[in-house]
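Given chain A, work out where chain B should sit, using these hints.
Line by line, the protein sequences are chains A and B. Just so you know, we're using the numbering used here here: the first sequence kicks off at 1 and counts up by one. Just so you know, we're using the numbering used here here: the second sequence kicks off at 1 and counts up by one.
Simulated from the structure, these hints should not be mistaken for laboratory data. Be a bit skeptical, because a hint or two may be false.
Below, computed lysine to aspartate or glutamate pairings styled on EDC-like, alpha-carbon distance capped at 16 Å [unchecked claim]:
hint: 1; chain 1: A; residue 1: Lys36; chain 2: B; residue 2: Asp92
hint: 2; chain 1: A; residue 1: Lys36; chain 2: B; residue 2: Glu97
hint: 3; chain 1: B; residue 1: Lys35; chain 2: B; residue 2: Glu159
hint: 4; chain 1: A; residue 1: Lys41; chain 2: B; residue 2: Asp92
One letter stands for each residue in the lines below.
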Amino acid sequence: MSTPAISDLSPPLLAPGTTRARSTAAAWLALRRDLKLAFRKPAQLVQPLAFFALVTLIFPLAISPELSQLRQVAPGALWAGALLASLLALEFLFRDDAQDGTLEQYVLSGQSLTALIFAKTCAHWLLTGVPLALVTPAAALALGATLDSVPGVLAAVVLGTVTLSLLGAIGAALTLNLKRSSALLSLLTLPLALPVLIFGARAVQQAIAGGSYLAPLEFLAALAVLSVTLAPLAAAAAVRISLE
Amino acid sequence: MPTTQLEVENLHLWRAERHVLRAVSFRLAAGQCLKVTGVNGAGKTTLLRAVAGLAYAEEGTVRWCGQDVRRDLRTFHAAMIYLGHEPALKADLTARENLRYWIGTRNRFAESELDAALARTGANSIADRPVRTLSAGQRRRAALAGVILSGAPLWLLDEPATNLDTAGQALVGSLIAEHVGRGGLVMAVVHHELPGLVTATQLELAA
Numbered sequence: 001m002s003t004p005a006i007s008d009l010s011p012p013l014l015a016p017g018t019t020r021a022r023s024t025a026a027a028w029l030a031l032r033r034d035l036k037l038a039f040r041k042p043a044q045l046v047q048p049l050a051f052f053a054l055v056t057l058i059f060p061l062a063i064s065p066e067l068s069q070l071r072q073v074a075p076g077a078l079w080a081g082a083l084l085a086s087l088l089a090l091e092f093l094f095r096d097d098a099q100d101g102t103l104e105q106y107v108l109s110g111q112s113l114t115a116l117i118f119a120k121t122c123a124h125w126l127l128t129g130v131p132l133a134l135v136t137p138a139a140a141l142a143l144g145a146t147l148d149s150v151p152g153v154l155a156a157v158v159l160g161t162v163t164l165s166l167l168g169a170i171g172a173a174l175t176l177n178l179k180r181s182s183a184l185l186s187l188l189t190l191p192l193a194l195p196v197l198i199f200g201a202r203a204v205q206q207a208i209a210g211g212s213y214l215a216p217l218e219f220l221a222a223l224a225v226l227s228v229t230l231a232p233l234a235a236a237a238a239v240r241i242s243l244e
Numbered sequence: 001m002p003t004t005q006l007e008v009e010n011l012h013l014w015r016a017e018r019h020v021l022r023a024v025s026f027r028l029a030a031g032q033c034l035k036v037t038g039v040n041g042a043g044k045t046t047l048l049r050a051v052a053g054l055a056y057a058e059e060g061t062v063r064w065c066g067q068d069v070r071r072d073l074r075t076f077h078a079a080m081i082y083l084g085h086e087p088a089l090k091a092d093l094t095a096r097e098n099l100r101y102w103i104g105t106r107n108r109f110a111e112s113e114l115d116a117a118l119a120r121t122g123a124n125s126i127a128d129r130p131v132r133t134l135s136a137g138q139r140r141r142a143a144l145a146g147v148i149l150s151g152a153p154l155w156l157l158d159e160p161a162t163n164l165d166t167a168g169q170a171l172v173g174s175l176i177a178e179h180v181g182r183g184g185l186v187m188a189v190v191h192h193e194l195p196g197l198v199t200a201t202q203l204e205l206a207a
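This is chain B alone, in the form it adopts within the complex:
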């Protein structure tokens, strides 16, 4: 019986002559968090992008709820939210406008939900300022509000705590813990220990 889970089996990916991903396999079920670690250049971001369907893996399968995601990428994408190195925010729009457009192309939400998400990540005071005037940490908080607002069960996060202060890092930890507690799935690339992330399973990529 298919359940909400992400299964990655025997993933291989080459970048020119370099064999970046070598037989990566893991399973992530509802209510679990996977912490991807490894030295720089070990292929953590590549793995995340391959799972998201942004990079093409030469071999191996990614299954969501028992279905190969290549067969129906759009259904899979609707169920996941990806936060990369760069928070996908437009410098000339305010944080609030950014979320309205970015998340609005994915799912419907009420203005009150947008406010709640911004408040949860401590970005409500800066929500109406153009993103170009925000610091890197403030941008990260605004992007995290988008992740909450998407309502997607699967979160793919690439170093979610980058540029954040100590309180911000604790916030990321508790956001992930909350999401996992609700039965969500989180796959996160992390360099440092995140408070609240101690229960995660770890996947160490060798260089």
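Pulled out of the complex, with its shape left as it was, chain A reads as follows:
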């Protein structure tokens, strides 16, 4: 018997002339698609921001318009607001894609689902985390922080929202096929987000007091690195389970 030719052993998997897209190209496309969709529906973007602005506005009314008092509660108020606003935005992360079958097609695309989910989460962070981080210094100033604290506040919220988006992606993926999942989503995500809240509030507190905020910031950065490495894997596995 003659040995079979290599072409017989591995039959062409795609029609002639078709080449598979690279994983990075696919992830880039997934990111651009979500950005484009978001800008066609801007109302969804404004909602969490308006919520955040309202929460931080309520504090002066509820506590006292005295700046020295506000300055003390500012870190807590800002981070509680940021945490709740990013939870609010999480619901949109996978919901539409799960309903119209896009998520299914991602699973069946022959690309790394982890990379695609990571791209989606990046888009989500760009659309919710970054605007939130840009609004926070303004809210901090309104709560009596000085101009010197702005870099610290900005850095803390940028790093913190990275972790919040990625942790939230796991929760959002796990609660995909549940009806009225938002309460469960908060229950799942909030405990995991507590380290971000603690170190974030500490960094903002130090920045407002004029001290060195480097140590809590480094913890926030470490949390962000940890979640960038592990959260996409967990979220991709959760998406697979949810689609069963």
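Same frame as chain A, but now just chain B:
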């Protein structure tokens, strides 16, 4: 010697207490079409999803080119395209943008190929309209253009002719016939006879 073929052996799947798939076996070789029929609730869609790897079958194997697909799902997925009940199109994007993103995550193609695929399914006139303004049949045509554009040898189609007019149903029949003629493989869940599909082998699922 492994050849381009799909082998499904002894597939069992339970949904809670219900035994949906009971020892389903079939073989689909290059240039063949398998028509899956059965009454509502017989598990046709479930079978399609189990073959695609979207639903987990408790027992049995799915082999693509002689290899258990569970060992390398990504290679298998790159070789197949699945079209479900819902065409996976975003309402806020145009049909053309949708295909660019959907198929673009799978494989590379030139803009001219995209145009050709849209023209083949009669969707070129509506390609630049947002999908939300399209009728269900027009959406189906746009999704079918995506199936052509994917260049995948294995097509898994769930009621591909739903919402289509008579001409559209004939189109689906001839698309499948063409694909099979090129040596492609098609597994389709169908309720009605599709013109051009008479040569297909039939797999009837009992309720």
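Check your understanding: Given the hint that lysine 41 of chain A pairs with aspartate 92 of chain B, does the C-alpha gap stay at or below 16 Å?
Key -> holds (8 Å)
Check your understanding: Within a Cα-Cα threshold of 16 Å, do lysine 36 of chain A and aspartate 92 of chain B meet the stated pairing?
Key -> The hint holds at about 9 Å.
**Study point:** Satisfaction of hint between glutamate 97 of chain B and lysine 36 of chain A, Cα-Cα up to 16 Å
**Key:** With Cα atoms ~10 Å apart, lysine 36 of chain A and glutamate 97 of chain B stay inside 16 Å; holds.
Review point. Under the criterion that the straight-line Cα-Cα distance not exceed 16 Å, is the pair lysine 35 of chain B, glutamate 159 of chain B satisfied?
Key: Satisfied, since the Cα-Cα distance of roughly 10 Å is no more than 16 Å.
Violation of the numbered hints given earlier is absent; every hint is satisfied by the structure.
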